[in-house]
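Number of protein chains: 2
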Amino acid sequence: MNRVVIIGSGNLAEALARALAAARGLQLVQIHARNEERGREVARIAGCAWSGDPAALAPADLYLIAVSDRAVAEVAERLPIPHGAAVAHTAGSVPMEAIPAKFARRGVFYPMQTFTKGRAVDFRPIPIFLEASTPELLAELEEVAQRLSDRVIPADSERRSKIHLAAVFACNFANHMYTLGEEIARSAGLDFDVLRALVAETAAKACDAASPRDVQTGPAVRGDRTTQERHEALIADSRMKEIYQTISQNIWETSRKI
Amino acid sequence: MNRVVIIGSGNLAEALARALAAARGLQLVQIHARNEERGREVARIAGCAWSGDPAALAPADLYLIAVSDRAVAEVAERLPIPHGAAVAHTAGSVPMEAIPAKFARRGVFYPMQTFTKGRAVDFRPIPIFLEASTPELLAELEEVAQRLSDRVIPADSERRSKIHLAAVFACNFANHMYTLGEEIARSAGLDFDVLRALVAETAAKACDAASPRDVQTGPAVRGDRTTQERHEALIADSRMKEIYQTISQNIWETSRKI
Chain L
1 MNRVVIIGSG NLAEALARAL AAARGLQLVQ IHARNEERGR EVARIAGCAW
51 SGDPAALAPA DLYLIAVSDR AVAEVAERLP IPHGAAVAHT AGSVPMEAIP
101 AKFARRGVFY PMQTFTKGRA VDFRPIPIFL EASTPELLAE LEEVAQRLSD
151 RVIPADSERR SKIHLAAVFA CNFANHMYTL GEEIARSAGL DFDVLRALVA
201 ETAAKACDAA SPRDVQTGPA VRGDRTTQER HEALIADSRM KEIYQTISQN
251 IWETSRKI
Chain B
1 MNRVVIIGSG NLAEALARAL AAARGLQLVQ IHARNEERGR EVARIAGCAW
51 SGDPAALAPA DLYLIAVSDR AVAEVAERLP IPHGAAVAHT AGSVPMEAIP
101 AKFARRGVFY PMQTFTKGRA VDFRPIPIFL EASTPELLAE LEEVAQRLSD
151 RVIPADSERR SKIHLAAVFA CNFANHMYTL GEEIARSAGL DFDVLRALVA
201 ETAAKACDAA SPRDVQTGPA VRGDRTTQER HEALIADSRM KEIYQTISQN
251 IWETSRKI
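The listed protein sequences correspond, in order, to chains L and B. Just so you know, we're using the numbering used here here: the first sequence kicks off at 1 and counts up by one. Just so you know, we're using the numbering used here here: the second sequence kicks off at 1 and counts up by one.
Honestly, the hints are just simulated from the structure, not real lab data. Certain hints may be false.
It does not matter which identical chain is meant; a pair holds if it fits inside one copy or across any two.
Claimed, not checked - Derived pair list, reagent style DSBU-like, types lysine-lysine, alpha-carbon separation capped at 30 Å:
(1) K205 <-> K102
(2) K102 <-> K117
(3) K102 <-> K241
(4) K205 <-> K117
(5) K241 <-> K205
Construct the complete structure from the given sequences, taking the supplied hints into account.
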């Protein structure tokens with residue numbers, strides 16, 4: 001299994017295209033995407049062909065569907081993908097069954113990372129979670145995934161849903177904490193720049209620790225109510241206050257569980 | 001003002017000691033700390049003397065009180081610091097007035113970073129927030145701070161409280177999001193290791209952006225209720241569910257404000 005077509009032209013499609021183009025033993029034969037501008041752009045980055053015409057869908061061993069969660073089923077249904085080919089989607093929280101059963105060789109190929117347009121990331125440390133309709137296909141997908149990453153992990157749809165939820169906390173919600181920090185800094189006449197060194201060190205420290213729980217700091221883990229009350233008095237927005245209180249309470253209680 | 005005594009032996013005292021020892025034009029003359037083992041350790045790291053005996057407090061131009069928030073006033077009261085010396089505490093959320101008024105030259109010297117025992121950090125990008133009882137002392141503290149950092153910012157107690165609150169979100173709460181991510185990963189039989197690449201990239205991406213708001217991703221910012229409902233069904237703990245819902249709602253609403 002070495003000829004691969006990527007369907008889609010979003011951030012994940014671009015990141016996969018970069019990684020596949022650079023991988024040995026794999027041939028990225030086409031970016032298939034309706035959005036011509038982005039499709040051509042991703043194809044240019046990866047040095048392969050683009051097509052938006054279903055009739056021109058290239059023959060391949062593996063079709064990776066990297067479109068929005070909701071479009072997976074429709075895209076798999078609509079495009080003339082040969083029924084004997086392997087078809088995998090790349091969405092963390094979408095069941096494998098979103099791919100129609102007419103594809104006997106269906107699966108999931110989920111690289112867990114936050115991908116950004118125009119931003120190259122090192123794929124090797126990114127975990128890729130795999131699911132497949134047959135043990136043979138799982139082995140084949142493993143072979144492909146190992147050409148991109150050092151961390152290839154089998155995960156059925158339930159396990160993958162949990163992993164995706166974990167990623168929402170560790171990535172999306174952590175980023176929102178940065179955003180709230182920025183909002184408060186702005187209320188003091190400062191911008192996000194004053195928080196950059198702190199954000200970078202917080203992540204570096206957690207990554208170097210056995211567990212982020214071991215490096216938790218701040219008034220909540222110390223049970224410092226005086227500081228917490230001073231903080232609460234500073235927060236005008238009621239939902240932000242609720243977030244402050246709920247997270248503080250959770251930090252305090254989970255730290256005591258140890 | 002170049003002879004400095006650090007009072008305290010915690011993480012911040014250690015980080016300050018490292019930075020002061022390496023700075024040109026400043027002389028770290030003593031670590032004064034009751035905890036002999038840690039005091040000696042910090043003094044060894046910084047290559048200066050230690051004492052735990054109040055009678056042996058070294059003469060200096062500036063006394064930096066880097067003890068726990070609650071102990072600032074008591075320590076400043078108890079130690080025989082010459083009344084003419086400059087005395088500054090290093091706590092983000094403690095008013096300058098915690099230092100007794102008998103010190104005409106009192107101030108605050110707050111480096112905003114998360115410090116860890118035994119972990120050296122580059123001090124130059126760390127913002128140092130300064131407050132002083134007189135304009136002359138502010139200028140003197142600025143001179144000291146500029147020898148350690150490129151970002152020296154005056155901030156009265158109210159402004160500093162806000163900055164400290166911003167740091168709680170961007171650091172302490174972001175770290176707790178990692179911890180919750182780890183907890184969920186464990187429920188899927190995986191450990192924090194699978195989240196490391198994601199945590200590192202999330203912070204790097206936010207730091208490279210003009211604002212973390214610009215790089216927010218995930219089901220909440222997309223308004224993807226299907227995925228959110230799937231996630232909520234996976235969360236058994238009621239407070240974790242509340243955190244999930246409140247943050248998701250806030251991401252959705254703040255993204256729409258733009």
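Hint by hint, here is what the structure shows:
| no. | hint | verdict |
| --- | --- | --- |
| 1 | K205 <-> K102 | neither (48 Å within a copy, 40 Å between copies) |
| 2 | K102 <-> K117 | neither (33 Å within a copy, 58 Å between copies) |
| 3 | K102 <-> K241 | neither (51 Å within a copy, 37 Å between copies) |
| 4 | K205 <-> K117 | both (27 Å within a copy, 11 Å between copies) |
| 5 | K241 <-> K205 | both (27 Å within a copy, 27 Å between copies) |
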